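Student: Position chain F relative to chain U; hints supplied.
Residue numbers (this note's numbering), protein chains in the order written: chain U, 1 to 521; chain F, 522 to 1142.
Everything labelled a hint here was simulated from the structure, so no lab data went into it. Do not rely on the hints blindly, as some may be mistaken.
Said to hold, decoys possible - With a straight-line Cα cutoff of 20 Å, these simulated SDA-like cross-link-like pairs (lysine to any residue) come out:
(1) Lys490/U <-> Pro589/F
(2) Lys490/U <-> Phe677/F
(3) Lys111/U <-> Pro491/U
(4) Lys678/F <-> Phe487/U
(5) Lys462/U <-> Phe677/F
(6) Lys286/U <-> Ala374/U
(7) Lys465/U <-> Phe677/F
(8) Lys381/U <-> Pro679/F
(9) Lys592/F <-> Ile216/U
(10) Lys111/U <-> Lys286/U
To be verified - What follows is a set of in silico ranges between Cβ atoms, one per label pair, in the way DEER data are often shown:
(11) Leu23/U <-> Val539/F: 33 to 43 Å
(12) Ser680/F <-> Asn468/U: 49 to 59 Å
(13) Ala426/U <-> Ile981/F: 53 to 63 Å
(14) Lys121/U <-> Ser1071/F: 45 to 55 Å
Stated by the list, open to error - If you want the ones that stay clear, here's a sample from chain U, every Cβ over 10 Å from chain F, calculated:
(15) Thr54
(16) Gly74
(17) Tyr199
(18) Glu211
(19) Gly214
(20) Gly378
(21) Pro401
(22) Val438
(23) Asn454
(24) Pro456
(25) Thr457
(26) Trp473
(27) Thr497
None of the values given here were measured: they were computed from a predicted structure. Every residue gets a Cβ at the ideal spot worked out from N, C-alpha and C, and that includes glycine.
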Amino acid sequence: MSSLWLPILMVVPVLGAIVVALLPKGSDKLAKQVTLLVSLVVLALTLVMAFQFTGAPGDRFKFAATYDWIPSFGVHFGVGVDGIALVLIALSAVLVPIVVLASWHDASGVKAADGTVVAPKRSVKTYFSLLLVLEAMMIGVFAATDIFLFYVFFEAMLIPMYFMIGSYGGAQRSYAAVKFLLYSLFGGLLMLVAVIGLYVVAGKGTFMFPELVGVIQDPATQKWLFAGFFIAFAIKAPLWPVHTWLPDAAAQAPAGAAVLLVGVLDKVGTYGMLRFCLELFPDAAKAFTMPIIVLAVISIIYGAIVAIGQTDMKRLIAYTSISHFGFIVMGVFAMSQVAQEGAALYMVNHGFATGALFLAAGFLIARRGSPHIADYGGAQKVTPLLAGFFLIAGLAGLSLPGLSSFVSEFMVMIGTYSSPAFGSGALTVAAIVSAVAVILAAVYILWMVQRTLNGPTAEPVKAFKDLNAREVWVLAPLVALIIGFGFFPKPLLDVITPAVTSTLSNVQVDNPAIAEKGAGQ
Amino acid sequence: MSWLMIALPLLGAFILLVFNRFTNRWGHLLGVVMSLASFAVAVLAFVELLGLGEDQRRQAVTLYEFIPSMKLNMGLLVDPLSISFALLITGVGSLIHIYSIGYMSHDPDRRRFFSYLNLFVAAMLLLVLSDNYVGLFIGWEGVGLASYLLIGFWQFKPSAAVAAKKAFVVNRVGDFGLLVGMFVIWTSFGSLAFKDLGAEQIGTASNGTLTAIGLLLLLGACGKSAQLPLQSWLLDAMEGPTPVSALIHAATMVTAGVYLVVRSGVFFEASDVASLVVTIVGVATLLAGAIIGCAKDDIKKGLAGSTMSQIGYMMLGAGLGPAGYAFAIAHLIAHGFFKADMFLGAGSVMHGMNDEVDMRKYGGLRKYMPVTFATFIVGYLAIIGFPFLSGFYTKDGIIETAMEHGAWMGWLAVLGAGITGFYMSRMIFMTFFGEKRWDKDAHPHESPSVMTVPLILLSIGSIVLGYFLIMDNRLMHFLAPAVGMPEHVPVPHLFSTTTVGLSTLALVAVGAAIAWMKYGRAQVPAVQPRGSFLTTFARRDLYGDALNESLFMRPGQWLTRIAVYFDNRGIDGLVNGLAAGIGGSSGRLRRLQTGFARTYALSILIGAALLTGALLLVGNI
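Chain U with its partners taken away, still in its complex shape:
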């Protein structure tokens, strides 16, 4: 019995993209309206689907559908979602209409500090068409249950993003776009080798993920294949030391594209680790846990310290994300129920929080044309509304309790600290060291706030206009989600929990946190 939900979710934006691309020249406004409408339809469909989702036992992947694609190689168009994939698809579906609304004028060129405009290389409607293509691929990559299909989406997603950065970005866009593309292609190449290796070694004649779980038994083989997947995902996430493409890409991309890049595309890396690295190669995952935790902790602290020293708002936010991805990776590999739930939740919450921060910073930058912090000051007095949203987004970035990012960060840290998986010592130390980021985060966010929003109003800032209605509609939903899930994370956790339980049982770690700690109740 095949469910049509997921194929429909992918087809709708593709059809929308074709319509937008075929619109006659000069109908930019119509293109934006159609894109917004299509993305809202996708959001509505996603929500209807999500409310039908239950984490009830039975088939692991709900709304599953499988069609033959390349029968001679056993390649399927196989889709289906568990709780983790579902919340990430929902994240994408929520962010796209917001990004469309936020990017209303972005595709017409980026304003530079001296007042000139960096003209885009391609037309406005192409930008929005690419956005919809990207949405279809983001849904596809999280929905794929066929590893080859996952790989195809993983690579194909690069193309729309490459053009969105390279054709519509700031002054150094082609430098950033090529850097982004090459890094990702290299990772993808390693993954392709590993995917083929997995297919050959498994000898099952299929790429379907559920059929490949637990098949590879030989530890050495597991390790080599694991490494292929992991490096691809580490570049994507990105993890220290393969992170240097992200600040460039995020800084040069238009704000909306940066949101999707950091908010969703990068999550494919951490999602991939959780789904594929762990479940396909459990022994290797356990063997590599310690070096990976070390890299994650380095990312957390290093990303935060480098963020403090940034002079460019968008680069600063990009580095904070490197710190946050460190938390997600630590949560994934801590091998405890609480930490892994925290990591999955972190992926969603980080999308909202960093999305809001990029967009608020983007609105500020659009008014001045400069991403440099030193060009601002005292914006609070002139644009109180923008300043308020910027502050709340910033507070979400420093994981203020009461905001959603706190719940996930807290779960990751406490789950790592208490994980009995690998002899508690090392993970305990990792959790304590990572908690230092709590202090560093306050420094990088509040120092940026102090230099941009507070103090005497800088001369060019005096002419700023506060947020218009469109911009309020961009930020208000994100802030509502950030506060709402900060106090009521349960709706998300309820779907994530069973998925994490299945993951951990495939890694043969039997919910250590619940089994041992729950007994104390």
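Tutor: Relative to the frame of chain U, chain F by itself:
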């Protein structure tokens, strides 16, 4: 119903923030009404609690599931300890709301001010009413946020913006302790709810674990309560409007650390080391704060030093186990009244003196602001421990209990009382007595009644509360269901004639007399004299900031610079350099424009090699 206490001010803050300018005309009134309504609910809850038998005075309400896999629920706990705080927060909070109508009447952003005040009250109530550490922590950071917003309320002043950030960052150092403390508690006992963390449940843990928990929680308490070594933010926090200093940085938020220690009493009672460190921190801070208070010419900073010092007393009491808890909380409540009274009094003085804060430019004000003067004097007598006023009973209780635990801490606390007598008398003489040293355009006048009535009410509290709470061990018996009773129940006297009590009074008198000779009888120089080494030491806040700057800030800045350099030049630069070497191309610009495909291919390769190396090293493929 107890959730209404939190929900009402939260709703107030929400309405004022979301409806923004539309609420400008009546926003302050809504803020006051919400705070008063919350106070009314607190009184109802208090009466309800009194109607119950002693063994039932722990009313827990589970509101909803928060993190199911951690079995963590959001819930509230109304017990004698939390309701005492709730009454203080909403009661004193409401008076300060009312006062602020007058104090902020000329500020164009008055509505925003009230929204933050309401947010603060809601967060502070969440902090004390939560039945678990995570809820407490959400409130804890909520009050930190409100404090940040209100210190930086006049954020266009760079000094205010810097002070706000500093307060938040220093507090986060404490939060690190509280966070890790929660990790240890959850890992050791499988729960973060207070009801699961009784003396029997934690009895299984090792001494080391309990000490670690105690010290980590104490670090959190030090941040919020401005205790050594995390005291440096409080003096700068005086950049905020004066009602904020009264409410947040004197009466309520800064006492949250004391609340945390008392609420977590089981851990401290189980670890001698942890409780000893609490008393050491308390004694060190009560002396440090008092010494700082002696040297300040800024009336608000003088009071801030005094707040540090008084919280030091509370912390000392909280470190003494059940015998000290009741005195610590009694002193906390009394201090909430008399310090709020004096801060608001200082605000009233500033209101009439063009916002001047330098006491060297005051003098002789008693005739011009009689109500402010009278209420300030009451607060003054209460804090120095003048017989029969609040501080006399509450501070003396702490000192006597400390004496039983160790003579050294008792006598140091007595010494602190003597210094208090000096610096508070100094403040009185410099402000209200002596000659006018005003600026030319100063026209001091009494404040409107919307400001003086709260002052009068607070000073009434400053007079009677100590007697009321201490006599018959009233507060001790009331708190017993929450924190337990001491083995030896003290016998309170109307006028204690012990050596300790009498020497305290004598030292206070000596301190006041010295202050009179230096600042009452002698003329106060309008310009700050150079002062001795000791004076400079006190003026510079005992070099706390200098220490932080050289130990943390500058090394931190260096580390940041190095890390940024390494990130730009190190990882990417290594690759760029190699590419140049291999390709033989020259010129940085040309390389960036033409060679980057090759460069980055190499950069990825090196990164991947590093990763593989790391994996190989430990995982031995």
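Student: Now tell me, hint by hint, if it's right for this structure.
Tutor: Each hint tested on the structure:
1. Between Lys490/U and Pro589/F the CA atoms are separated by roughly 7 Å; this keeps the pair inside 20 Å, and the hint holds.
2. For the hint linking Lys490/U to Phe677/F, the alpha-carbon distance of about 40 Å lies beyond 20 Å, and the restraint is violated.
3. Proposed proximity of Lys111/U and Pro491/U is contradicted: the alpha carbons are some 41 Å apart, above 20 Å.
4. Only pairs whose Cα atoms come within 20 Å are accepted, and Lys678/F paired with Phe487/U is rejected, the gap being roughly 34 Å.
5. Distance restraint check for Lys462/U and Phe677/F: the Cα-Cα separation of roughly 13 Å lies within the 20 Å cut-off, and the hinted pair is therefore satisfied.
6. With a C-alpha separation of about 46 Å, the suggested pair Lys286/U and Ala374/U falls outside the 20 Å cut-off, and the hint is violated.
7. Between Lys465/U and Phe677/F the CA atoms are separated by roughly 18 Å; this keeps the pair inside 20 Å, and the hint holds.
8. Of the pairs offered as hints, the one joining Lys381/U and Pro679/F holds, with about 13 Å between alpha carbons and a cut-off of 20 Å not exceeded.
9. The straight-line distance between the Cα atoms of Lys592/F and Ile216/U is roughly 36 Å, outside the 20 Å bound, and the hint therefore fails.
10. About 49 Å separates the Cα atoms of Lys111/U and Lys286/U, which puts this hinted pair outside 20 Å; it is violated.
11. Distance hint check for Leu23/U and Val539/F: the Cβ-Cβ separation is about 38 Å, which falls inside the suggested range of 33 to 43 Å.
12. For the hinted restraint 49 to 59 Å between Ser680/F and Asn468/U, the CB-CB distance of approximately 33 Å leaves it violated.
13. About 59 Å separates the C-beta atoms of Ala426/U and Ile981/F, a value consistent with the hinted range of 53 to 63 Å.
14. Hint check: Lys121/U to Ser1071/F, Cβ distance near 52 Å, so the stated range 45 to 55 Å holds.
15. In this structure Thr54/U is separated from chain F by more than 10 Å, as the shortest Cβ-Cβ distance comes to about 15 Å.
16. Distance check on Gly74/U: its Cβ is at least 28 Å (rounded) from any Cβ of chain F, clearing the 10 Å threshold; non-interface status holds.
17. Non-interface status of Tyr199/U relative to chain F is upheld: no Cβ of that chain comes within 10 Å, the nearest being about 20 Å off.
18. Every beta carbon of chain F lies more than 10 Å from that of Glu211/U, the smallest distance being close to 26 Å; the non-interface claim holds.
19. Gly214/U, annotated as away from the interface, keeps every beta carbon of chain F farther than 10 Å; the closest lies near 20 Å.
20. The claim that Gly378/U is not at the interface with chain F is violated, since a C-beta of that chain comes within 10 Å of its own (minimum 6 Å).
21. Against chain F, the non-interface label of Pro401/U is violated: not every CB pair exceeds 10 Å, the least being about 4 Å.
22. Once the 10 Å rule is applied to beta carbons, Val438/U is inconsistent with being away from chain F; the minimum gap is 6 Å.
23. For Asn454/U, the requirement that its beta carbon stay farther than 10 Å from each beta carbon of chain F is not met, with the minimum near 4 Å.
24. Non-interface status of Pro456/U relative to chain F is broken: a Cβ of that chain comes within 10 Å, the nearest being about 6 Å off.
25. A Cβ of chain F approaches the Cβ of Thr457/U within 10 Å, the least distance being about 7 Å, so the stated non-interface status is violated.
26. With a minimum CB-CB distance of about 14 Å to chain F, Trp473/U clears the 10 Å threshold, and the non-interface call stands.
27. With 10 Å as the threshold on Cβ separation, the claim that Thr497/U sits away from chain F is violated: the shortest Cβ distance comes to roughly 6 Å.
Against the hints set out earlier in the document, violations occur for numbers 2, 3, 4, 6, 9, 10, 12, 20, 21, 22, 23, 24, 25 and 27.
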